[in-house]
Amino acid sequence: MSTLTQQEHQKVVQSLGREPNEVELGIFSVMWSEHCCYKSSKMYLKNFPTKSPRVLQGPGENAGIIDIGDGLAIAFKIESHNHPSFIEPYQGAATGVGGILRDIFTMGARPIASLNSLHFGSPDHPRTHYLLRGVVAGIGGYGNAVGVPMVGGEVRFDPCYNGNILVNAFTIGILRHDRIFRGIAKGVGNPVILVGSKTGRDGIHGATMASDVFAAESELKRPTVQVGDPFTEKKLMEACLEAFELNDAIVGIQDMGAAGFTCSTFEMSARGGVGMELWIDKIPLRETKMTPYEIMLSESQERMLLVAKKGREEELRKIFEKWELEFAVVGKVIAEKKVVGRFHAEKVFDLPVDPLTDGAPVYERPVHPPQKTAYSARHPVIEGKSAPHQQLEGLPIQEWVWRQYDYSVGTNTVIGPGKSAAVIRVKENGKLLALAVHSRADLCHVDPYQGAFQTVMESKEKLAKVGAAPLGLTNCLNFGNPENPEVMWQFKEACRGLADACRQGDIPVVSGNVSFYNETDGENIKPTPVIAMVGIVEKLCAA
Amino acid sequence: MKFGIVQFPGSNCDADCLHVVQNILRQEGFIIWHASTDLNGADCVILPGGFSYGDYLRTGAMAAHSPVMKSVVDFAERGGRVLGICNGFQILCEVGLLPGVLMRNKNLQFLCEKTELIADRSDTPFTSGYQKGKKITMPIAHMEGNYTIDDAGLASLKKRNQIVFRYAKNPNGSVGDIAGIINEKGNVLGLMPHPERVCETALGGTDGLKLFESVVRSCQH
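These protein sequence lines are chains A and B, in that order.
Residue 2 is where the first sequence starts when you use the numbering used here, and the numbers rise one by one after that.
Residue 2 is where the second sequence starts when you use the numbering used here, and the numbers rise one by one after that.
Hints are supplied without guarantee of correctness; some may be wrong.
PhoX-like, lysine-lysine: derived pairs with alpha carbons at most 25 angstroms apart [to be verified]:
(1) A:K428 - B:K211
(2) B:K211 - B:K115
(3) A:K338 - A:K40
(4) A:K319 - A:K283
(5) B:K71 - A:K323
(6) B:K115 - A:K428
(7) B:K115 - A:K420
(8) A:K428 - B:K186
(9) A:K348 - A:K290
(10) B:K186 - B:K211
(11) A:K52 - A:K493
(12) A:K199 - A:K310
(13) B:K115 - A:K466
Here are the in silico distance ranges between beta carbons for each label pair [as the list claims (entries may be wrong)]:
(14) A:E316 - B:F31: 19 to 25 angstroms
(15) B:R79 - A:N248: 39 to 45 angstroms
(16) B:K3 - A:E246: 20 to 26 angstroms
(17) B:Y57 - A:P486: 45 to 51 angstroms
(18) B:F31 - A:K283: 36 to 42 angstroms
(19) B:C220 - A:V189: 54 to 60 angstroms
(20) B:T202 - A:L247: 48 to 54 angstroms
(21) B:G154 - A:Q392: 35 to 41 angstroms
It is worth saying that the hints were derived from the structure and are not from the lab.
Note that beta-carbon positions come from the ideal geometry of N, C-alpha and C, so glycine has one too.
If we strip away everything but chain A, and leave its shape as in the complex, we get (with noise of 0.2 angstroms):
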């Protein structure tokens, strides 16, 4: 299967100087699917302050990394699962809280709280209560297993979303300044290690499918949703920090996400600047007769790569066998810059890195201010941001939400969900931070560039309200199909307004996340950019 178009076709043949084989071609669709390489965004993400003397770990990296003083620092980001989650509630809304905590604990933190932002289509809407139901039912049942609190959020509901809902996930660990691992393969005959979960067929294509708009048969792309399972991230999640703690086995880990091994061995060898050999019938799999093509793009979740120092991998098995966890060493570090994949004795791809990860395509798609008029007739602004009197089950929906999520576990829950901002403190040093979610698309489809400055301001402004100056941010946008360019002079006027509103606010973006596609039968949703905003507590004030 390729969704490459007929240029980036010719592309790849050009950097190869052949035709690429079935399994090479999948690789450059799910590499070049806007999901994995930003090729619509890139340009515009690259205005955003991203420094700041407390920043740690700017974007590019599985987290952003901020300093909070005594040799701790904070890991944090959002993300979203918008697609899956419309496919299937439960499993969608799950693997995306799944996602989230790995992209966390795989930089060395341990996360200690989580926040979600969810955009719903109208109350009235046939399919809004099944999703609802579905999407809290999904992120409860993965995080309250895990035990991450889930300590605030917001739920909005807008008939925009009728056909394409919004669920992005946000976590923040803490982990020491010494003790940061990045995904990264480095040393030439280093062990590349599988470790975690069996390898199957569920999510093959998932990042694919996250990369294209929706249509009537969206029901029909169900197999492309993965399936979770919190014992086993809970398991992997002690294993992986246990492991942390063994002094230098670890040279590079990297969670595997979108398109598993496929993206993990290409982005680790890239920022390495080595390659890597990988034994694909050495990967444990959990289906019989699999092929190469479906072990490299299998979204299977609760999986993670990670380069170890050769010598020490008997010392790291202890620990994930002691959790009962699948450790397999399934390649090697190579210099030269290509990832070349053996099956038994068959070699099926070999695969320069350079023009998979930084050669993939960059677009300056074509942007226009939509015709406000026509615009505005098939959007009419809704009058109140969330809806707040909805009720469920005799209690305000909100109230309804953050009931089913533990909300109090971990111990460290100062100020819990229903107020300006959430307040965690962090027992290593007796800090408190402020977190807070939040988004206005009833703006940014008015004017995205004030509506997105708006939105870091007002964040700001909940942070304040508990007592807390804000250290930096996380954003995910939401937008429409950026083939469309109304769309596309949406994103870059919200980014262009987030840019600025950082910038005079003095708050950098450490991580972020673009989800572009939420079109449904023609039909974008508004321009929804979410921020996650981190503070540190001054003064605590009662929110």
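Chain A is fixed; fit chain B onto it per the hints.
Same frame as chain A, now just chain B:
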């Protein structure tokens, strides 16, 4: 005194309990891995909350068959103090140290909220810090907290004065509003609410701390 906190794969309140024991009570606390049969000389064993072995089967059913539970049952039979919180309570019922079973909440949803409890006993090793009949506040966070027992069992619990905590306003459908019970001998307590989450003023209350302090006191006598 020494608190041994059992860690099953999937436990997620083990660290919270350890924090209370070490940093607030200033007592000795350690983790006991589920595969171990050595309780390491603990004076009180805590079975913490979480989702032991994923709880994909009936809650606590797998954990009841783990190696460590053989030792915990022996320890309890010799009179050792055992405290089961949330998933720990479910495990105590599954292993037979406490009667009854925890079913899904009446509304079939996970419930996380503050609940008011009535302490019915102040004469157990776990509850000497509470005043009988007085209301206290503790959070619940569970999917299966609906305590269920047949009529004869309920009558027996009442007769033997084994109901220790009742909900002031029943959140989950529990028979007799039961939130926590003790065994006949008075050395094994199981409860669904989380006392370890209300041990610091900063986190919204200290009603849970009294439970742990009671245990420490009981071991000093």
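Structure-based check of each hint:
1. A:K428 - B:K211: Holds, because 21 angstroms separates the two Cα atoms, which is no more than 25 angstroms.
2. B:K211 - B:K115: holds, 17 angstroms
3. A:K338 - A:K40: holds, 22 angstroms
4. A:K319 - A:K283: The given pair, whose Cα atoms are some 19 angstroms apart, holds under the 25 angstroms limit.
5. B:K71 - A:K323: With a Cα-Cα distance of about 20 angstroms, the restraint between K71 (chain B) and K323 (chain A) holds, given a limit of 25 angstroms.
6. B:K115 - A:K428: Since the Cα atoms of K115 (chain B) and K428 (chain A) sit roughly 22 angstroms apart, the hinted pair holds (cutoff 25 angstroms).
7. B:K115 - A:K420: Roughly 16 angstroms separates the two Cα atoms, so the pair holds.
8. A:K428 - B:K186: violated, 37 angstroms
9. A:K348 - A:K290: Satisfied, since the Cα-Cα distance of roughly 18 angstroms is no more than 25 angstroms.
10. B:K186 - B:K211: holds, 21 angstroms
11. A:K52 - A:K493: At roughly 21 angstroms apart (the allowed maximum being 25 angstroms), K493 (chain A) and K52 (chain A) satisfy the hint.
12. A:K199 - A:K310: holds, 23 angstroms
13. B:K115 - A:K466: Between K115 (chain B) and K466 (chain A) the Cα gap is close to 24 angstroms, so the pair holds against 25 angstroms.
14. A:E316 - B:F31: 19 to 25 angstroms: The hinted range 19 to 25 angstroms holds for E316 (chain A) and F31 (chain B), with Cβ atoms some 23 angstroms apart.
15. B:R79 - A:N248: 39 to 45 angstroms: holds, 42 angstroms
16. B:K3 - A:E246: 20 to 26 angstroms: Between K3 (chain B) and E246 (chain A), where Cβ atoms are some 24 angstroms apart, the hint holds.
17. B:Y57 - A:P486: 45 to 51 angstroms: holds, 49 angstroms
18. B:F31 - A:K283: 36 to 42 angstroms: holds, 38 angstroms
19. B:C220 - A:V189: 54 to 60 angstroms: holds, 58 angstroms
20. B:T202 - A:L247: 48 to 54 angstroms: violated, 38 angstroms
21. B:G154 - A:Q392: 35 to 41 angstroms: With Cβ atoms ~38 angstroms apart, the hint holds.
Going down the numbered hints, you'll see the structure goes against 8 and 20, while the others check out.
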